[in-house]
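Note that the protein sequences, when read in sequence, are chains C and V. Just so we're aligned, residue 1 is where the first sequence starts under the working numbering, counting upward by one. Just so we're aligned, residue 1 is where the second sequence starts under the working numbering, counting upward by one.
To be clear, the hints were calculated from the coordinates, so they are not data collected in a lab. Hints are supplied without guarantee of correctness; some may be wrong.
Because identical chains share one entry, a pair is satisfied inside a single copy or across any pair of copies.
[Stated by the list, open to error] DSSO-like cross-link-like pairs, simulated, lysine-lysine; straight-line CA separation at most 30 angstroms:
(1) 184 - 20
(2) 147 - 95
(3) 51 - 184
(4) 25 - 51
(5) 184 - 95
(6) 2 - 144
(7) 147 - 51
(8) 184 - 2
(9) 147 - 2
(10) 25 - 184
(11) 3 - 144
(12) 25 - 147
(13) 144 - 95
(14) 25 - 144
(15) 184 - 3
All values derive from a computational prediction rather than experimental measurement.
Number of protein chains: 2
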Amino acid sequence: MKKIITISRQFGSGGRTIGKEVAEKLGIPCYDQELIQKISEETGLDGDYIKENGEYTVYRGWFANAFLARDERGLSTQDYIWLAQLQIIQQLADKESCVIVGRCADYILRDRPNVLKTFIHADTAWRADRIVRVYGETDETPEKRLKDKDERRKAYYQRYTDMEMGDAVNYHISLDSGVIGLEKCVDIICDLYNNMEDE
Amino acid sequence: MKKIITISRQFGSGGRTIGKEVAEKLGIPCYDQELIQKISEETGLDGDYIKENGEYTVYRGWFANAFLARDERGLSTQDYIWLAQLQIIQQLADKESCVIVGRCADYILRDRPNVLKTFIHADTAWRADRIVRVYGETDETPEKRLKDKDERRKAYYQRYTDMEMGDAVNYHISLDSGVIGLEKCVDIICDLYNNMEDE
Numbered sequence: 001m002k003k004i005i006t007i008s009r010q011f012g013s014g015g016r017t018i019g020k021e022v023a024e025k026l027g028i029p030c031y032d033q034e035l036i037q038k039i040s041e042e043t044g045l046d047g048d049y050i051k052e053n054g055e056y057t058v059y060r061g062w063f064a065n066a067f068l069a070r071d072e073r074g075l076s077t078q079d080y081i082w083l084a085q086l087q088i089i090q091q092l093a094d095k096e097s098c099v100i101v102g103r104c105a106d107y108i109l110r111d112r113p114n115v116l117k118t119f120i121h122a123d124t125a126w127r128a129d130r131i132v133r134v135y136g137e138t139d140e141t142p143e144k145r146l147k148d149k150d151e152r153r154k155a156y157y158q159r160y161t162d163m164e165m166g167d168a169v170n171y172h173i174s175l176d177s178g179v180i181g182l183e184k185c186v187d188i189i190c191d192l193y194n195n196m197e198d199e
Numbered sequence: 001m002k003k004i005i006t007i008s009r010q011f012g013s014g015g016r017t018i019g020k021e022v023a024e025k026l027g028i029p030c031y032d033q034e035l036i037q038k039i040s041e042e043t044g045l046d047g048d049y050i051k052e053n054g055e056y057t058v059y060r061g062w063f064a065n066a067f068l069a070r071d072e073r074g075l076s077t078q079d080y081i082w083l084a085q086l087q088i089i090q091q092l093a094d095k096e097s098c099v100i101v102g103r104c105a106d107y108i109l110r111d112r113p114n115v116l117k118t119f120i121h122a123d124t125a126w127r128a129d130r131i132v133r134v135y136g137e138t139d140e141t142p143e144k145r146l147k148d149k150d151e152r153r154k155a156y157y158q159r160y161t162d163m164e165m166g167d168a169v170n171y172h173i174s175l176d177s178g179v180i181g182l183e184k185c186v187d188i189i190c191d192l193y194n195n196m197e198d199e
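Using the sequences plus the hints, can you model the full thing?
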């Protein structure tokens with residue numbers, strides 16, 4: 001049976017880095033950017049467009065939203081990306097043990113056994129400091145960037161799933177990477193993954 | 001510096017058992033029933049009454065609530081218990097390294113360094129099975145008992161703190177004891193506690 005680790009994360013919490021390091025340690029693939037590439041191939045849409053529309057709600061206001069292009073099934077482009085990523089994530093989980101970062105994989109794979117669902121978070125001050133170091137400065141303050149990303153990810157999650165992002169009961173383990181440290185988070189998740197094998 | 005582990009938990013999740021085993025392994029005291037005893041001594045109120053009123057809101061309806069006995073400061077008996085447990089938990093944390101189960105200790109000690117805040121949860125089916133085994137049958141179905149306890153604990157938490165119980169960001173680590181297993185939860189928490197010492 002394939003074993004999957006899903007990593008849901010707050011922006012700037014280091015969840016992506018943790019996912020990569022976990023995958024490397026375990027010798028399994030990590031799907032993050034690679035997932036965007038696959039969705040891009042599947043949908044024919046641009047990678048940057050998918051990055052923005054596959055995890056975040058887009059603020060357009062109700063008027064613009066009402067006039068969003070919809071196909072003959074009544075689906076918006078964002079719905080279309082959702083369906084593509086749903087299918088791709090299920091295919092990946094069928095194919096091989098792996099780490100999947102973000103994109104509601106925890107929800108998409110919720111009924112499957114041998115899925116370790118993780119959530120990585122950290123307080124705003126720690127994340128603000130980290131995003132400036134990792135992603136560089138922008139016109140917006142880091143706090144504003146975090147607030148915007150957090151809200152839009154949460155809204156996206158709520159729109160396409162019936163779960164509340166960040167609600168502890170939705171995950172097998174939730175970790176504060178700022179307090180616990182990225183390396184320790186990696187160790188704990190690898191250990192739990194190895195433990196799954198014994199069942 | 002004293003090191004404290006707070007264990008917030010869903011009813012039936014095994015959080016109390018985890019707390020006791022963590023304390024035993026680390027050779028530090030675990031405050032659970034002992035806390036009720038202390039609050040009882042401090043307030044002169046009966047232990048069973050404190051158990052019921054120190055962590056759960058009591059459904060009385062607005063009419064009965066409006067006529068609750070209040071002292072000269074306008075405090076109800078529940079407020080009085082809250083103030084006593086707040087003071088006792090702070091004194092305990094000053095005095096010695098320990099494990100504190102429930103009673104909003106995570107909130108009460110939120111600004112103190114060297115506090116490892118944990119949350120233990122599990123899905124309803126697992127907890128329902130466990131409470132029948134551990135606490136025996138009652139007239140109510142286990143599912144109804146869980147729902148009632150969950151809701152009242154959550155409401156109590158919301159009333160006396162400004163935090164949402166079970167919101168992952170409020171804890172350093174949240175664990176699904178049903179999936180991860182009590183023993184593994186104990187190991188992870190002990191490991192994180194020992195790691196705190198190195199800081």
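Do the hints match the structure? See the list:
no., hint, in the structure
1, 184 - 20, "both (14 angstroms within a copy, 24 angstroms between copies)"
2, 147 - 95, "neither (36 angstroms within a copy, 39 angstroms between copies)"
3, 51 - 184, "within (28 angstroms within a copy, 36 angstroms between copies)"
4, 25 - 51, "within (26 angstroms within a copy, 46 angstroms between copies)"
5, 184 - 95, "both (29 angstroms within a copy, 29 angstroms between copies)"
6, 2 - 144, "neither (39 angstroms within a copy, 36 angstroms between copies)"
7, 147 - 51, "within (18 angstroms within a copy, 39 angstroms between copies)"
8, 184 - 2, "both (24 angstroms within a copy, 22 angstroms between copies)"
9, 147 - 2, "neither (36 angstroms within a copy, 34 angstroms between copies)"
10, 25 - 184, "both (13 angstroms within a copy, 20 angstroms between copies)"
11, 3 - 144, "neither (37 angstroms within a copy, 34 angstroms between copies)"
12, 25 - 147, "neither (32 angstroms within a copy, 40 angstroms between copies)"
13, 144 - 95, "neither (39 angstroms within a copy, 40 angstroms between copies)"
14, 25 - 144, "neither (34 angstroms within a copy, 44 angstroms between copies)"
15, 184 - 3, "both (21 angstroms within a copy, 19 angstroms between copies)"
Checked against the numbered hints given earlier, the structure breaks hints 2, 6, 9, 11, 12, 13, 14 and satisfies all the rest.
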